[in-house]
Each structure stands twice: as C-alpha cells, then as structure tokens.
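When you get a sec, could you build the whole thing from the sequences and use the hints?
Residue numbers (my numbering), protein chains in the order written: chain A, 5 to 119; chain B, 15 to 127.
It is worth saying that the hints were derived from the structure and are not from the lab.
It should be emphasised that the depicted structure is a prediction, and the values quoted were computed from it without experimental measurement.
Don't take every hint at face value.
Which stretches of chain B does chain A cover? Using the computed rule of at least three CB atoms under 8 Å from a CB of chain A, they are [stated by the list, open to error]:
#, stretch
1, 59 to 72
2, 113 to 123
Covered stretches of chain A, as calculated for chain B (at least 3 residues, CB under 8 Å) [said to hold, decoys possible]:
#, stretch
3, 42 to 49
4, 53 to 64
5, 105 to 112
No residue lacks a Cβ here, since even glycine has one placed at the ideal position from N, Cα and C.
Spelled out, the chains give:
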Amino acid sequence: DAGVIQSPRHEVTEMGQEVTLRCKPISGHDYLFWYRQTMMRGLELLIYFNNNVPIDDSGMPEDRFSAKMPNASFSTLKIQPSEPRDSAVYFCASRPENRHTGELFFGEGSRLTVL
Amino acid sequence: AQSVTQLDSQVPVFEEAPVELRCNYSSSVSVYLFWYVQYPNQGLQLLLKYLSGSTLVKGINGFEAEFNKSQTSFHLRKPSVHISDTAEYFCAVSEQAGTALIFGKGTTLSVSS
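So this is what it looks like as structure tokens:
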C-alpha cells in the first residue's frame, strides 16, 4: 500500500491567501484525522472523520479553517484567509474501523509557511 | 479529559548509553497508550503500544515501555542507543472506548558519539 499521501509537501503563501491541503488515506481505512504540529503546541487534533462524516471538529481553531471529506479516498483542509500564525506542519492520518488497535498511520505532512 | 505530559523536552545522550523518556497521562477511564517516533521531515511512525495484558511492551528498534497504572506512567526505554535513534518521540493516549489519539508535546532525543 502507498500509505497516507499528502500534498503539497511544502507551501509558502502570503497572508490573506487561501490554502488548501489535501490527503488521500490508506484504502479501506474508515477514520481520517487532521493534526497540526507547532513548536509551541506540539501535535493538536483539529478534526476527524468516520466514513466521510465529521465526528469531532472541536480542535479547529476558528472559522477560517474548514475540512471536508467528499469521498472515502480524499479529504481537504482549507484555510481562508491564511495568517502567519497558521504556519505549521499539518498531518493527515488514517486508521481502519477496528478501534482496538488504536494505531494511526500518518502521512509525511504538509509544511505551511504564511508570510 | 485526557492529557499527556512528557516530562523532558530534550534528552541528550552518548551512543551506547541507556535512555529513558518519561511520559505521564491523566484519564478517568481505561486507556490505550502509544509511543511514536518522528525522524526529521517525516511523519510519525508507531514504536510500540499498550492495549492490555503484560505491562512491559516491546517495540521496534530495541525500544520497550512499561505501563504503570498506579503511577499513570508509560516510560520508554532503550538499554543502548545508536546515533540513528536521534529523533522526536511522542507519547500518546486514547480512551479504550474512544477514537482520537491525544499526543504529548514530544521529547527530542539527541544521540552523539
């Protein structure tokens, strides 16, 4: 399997621009998670989906952030408008339905820099 | 609510020395516990996990961890580290009935010769 695939790997943009991060989970995985990693806060859970339905978005920082999962093989995280404090590495992770293993499979991350 | 505290943000050690990375958690329910490793510019990989059973868990690359329920700890150990173990290590917890992992802030392990 190719693993969790994220794009772009690196994004540099200017404040106020829209940013879209993409994720393709591992085929057959029913859960998809978006995390944000910063030096100050570490790894924060932003939102997660089960069978394409958002289950918990309490970690989404504010209305500028939105996430969608239109089908089982694709998810997006959008920031509009972007701000310098959004600079971080954004990780997507997935796992199968069997909750007893608990293990998440991570992508390599999207490093966002907002100038 | 669950939380994870990694007591050391940075741990420098010499090659072939033993190392312990400390992790404490808080939760009002039964939990699963994990250690992940992150090499530079990469995603996180699972090192080991505790779900149930034996409290001593062995993982990849010679790492092991011990679950101590009374002390709510899950410390990671390796008897002899290598330069290639230099990385960021994350402790994580999830409720047994829950879904998402909550991560600690990470410990940077730096191994030098």
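Verification of the hints:
1. 59 to 72: Holds, because 4 residues of the stretch 59 to 72 of chain B bring their Cβ atoms closer than 8 Å to Cβ atoms of chain A.
2. 113 to 123: holds (count 8)
3. 42 to 49: Result for this restraint: holds, n = 4.
4. 53 to 64: It holds, with 3 qualifying residues against the three required.
5. 105 to 112: n = 7 at 8 Å, threshold three: holds.
Hint compliance for this structure: no hint is broken.
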